[in-house]
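Enquirer: Sequence:
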Amino acid sequence: MIEALYNQRIKELAAAACGAGKLDAPSGSAMRDSPVCGDRVRMEVSVADGRIVALAHEVKGCLLCRAAASVIGLHGVGLSSAEAEALRAAVAAMLAGGERPAGWAELAVFEPVRQHRSRHGCVLIPFEALAKAVAAG
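Going left to right, the sequence shown walks through residues 1 to 137 as our numbering numbers them.
Read the hints as simulated data drawn from the structure, not as lab findings.
Be a bit skeptical, because a hint or two may be false.
Below, computed lysine to any residue pairings styled on SDA-like, alpha-carbon distance capped at 20 Å [claimed, not checked]:
(1) K11 / E85
(2) K60 / A96
(3) K60 / G78
(4) K60 / A30
Simulated DEER-style distance windows between Cβ atoms [to be verified]:
(5) S118 / A48: 33 to 41 Å
(6) G50 / Q115: 32 to 40 Å
(7) Q115 / D49: 37 to 45 Å
(8) D24 / G98: 31 to 39 Å
(9) R117 / G21: 13 to 21 Å
(10) Q8 / D49: 37 to 45 Å
(11) C37 / A89: 18 to 26 Å
(12) Y6 / A93: 32 to 40 Å
(13) V36 / G78: 27 to 35 Å
(14) A48 / H116: 35 to 43 Å
(15) S80 / E3: 18 to 26 Å
(16) E3 / D24: 37 to 45 Å
By construction, the Cβ of each residue, glycine as well, lies at the ideal position given by its N, Cα and C atoms.
Can you make the complete structure from the sequences, with help from the hints?
Expert: Below, the structure written as structure tokens:
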């Protein structure tokens with residue numbers, strides 16, 4: 001179980017921390033946390049013409065949470081608020097057994113999480129924070 005959940009690619013994504021940091025003047029930000037596991041994510045975005053032009057995140061959480069935030073750091077720029085919300089819903093559906101969102105190949109590393117419902121929140125929290133931050137931007 002542990003090997004599948006915390007595979008090498010998850011570890012690499014978490015260590016890369018793509019997008020980690022703070023923006024100088026974000027137009028939107030949101031914090032999401034899990035009282036169950038203690039994961040906490042602050043997502044900041046700069047939005048122009050309805051799309052994310054820059055993003056940054058600060059994560060205090062497990063490997064799954066950090067890896068998910070790193071995936072957002074890789075591909076989140078360019079999303080609209082509606083697309084960020086649709087992505088959040090698609091990731092939740094993927095974890096429940098649905099298809100992986102198109103264009104987000106890295107999300108395949110989270111497929112082993114499907115079997116561990118208690119870990120779904122670890123993956124979802126960064127996507128929830130992104131959707132809320134863009135909506136606020």
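Enquirer: Now tell me if each hint is right for this structure.
Expert: A quick look at each hint next to the structure:
1. K11 / E85: Judged against 20 Å, a Cα distance of about 26 Å means the pair is violated.
2. K60 / A96: Outside the cut-off at roughly 25 Å; violated.
3. K60 / G78: 25 Å, violated
4. K60 / A30: 14 Å, holds
5. S118 / A48: 33 to 41 Å: 38 Å, holds
6. G50 / Q115: 32 to 40 Å: 37 Å, holds
7. Q115 / D49: 37 to 45 Å: About 41 Å separates the Cβ atoms of Q115 and D49, which means 37 to 45 Å holds.
8. D24 / G98: 31 to 39 Å: Check passed, 38 Å falls within 31 to 39 Å.
9. R117 / G21: 13 to 21 Å: The hint (13 to 21 Å, Cβ to Cβ) is violated, given that R117 and G21 are roughly 31 Å apart.
10. Q8 / D49: 37 to 45 Å: Holds - the Cβ-Cβ distance for Q8 and D49, about 38 Å, lies within 37 to 45 Å.
11. C37 / A89: 18 to 26 Å: Holds, since C37 and A89 (Cβ atoms, about 22 Å apart) stay within the stated range.
12. Y6 / A93: 32 to 40 Å: 23 Å Cβ-Cβ, so the 32 to 40 Å window is violated.
13. V36 / G78: 27 to 35 Å: 32 Å, holds
14. A48 / H116: 35 to 43 Å: For A48 and H116 the Cβ distance comes to about 38 Å; the hint holds.
15. S80 / E3: 18 to 26 Å: At roughly 37 Å between Cβ atoms, E3 and S80 fall outside 18 to 26 Å, so the hint is violated.
16. E3 / D24: 37 to 45 Å: 40 Å, holds
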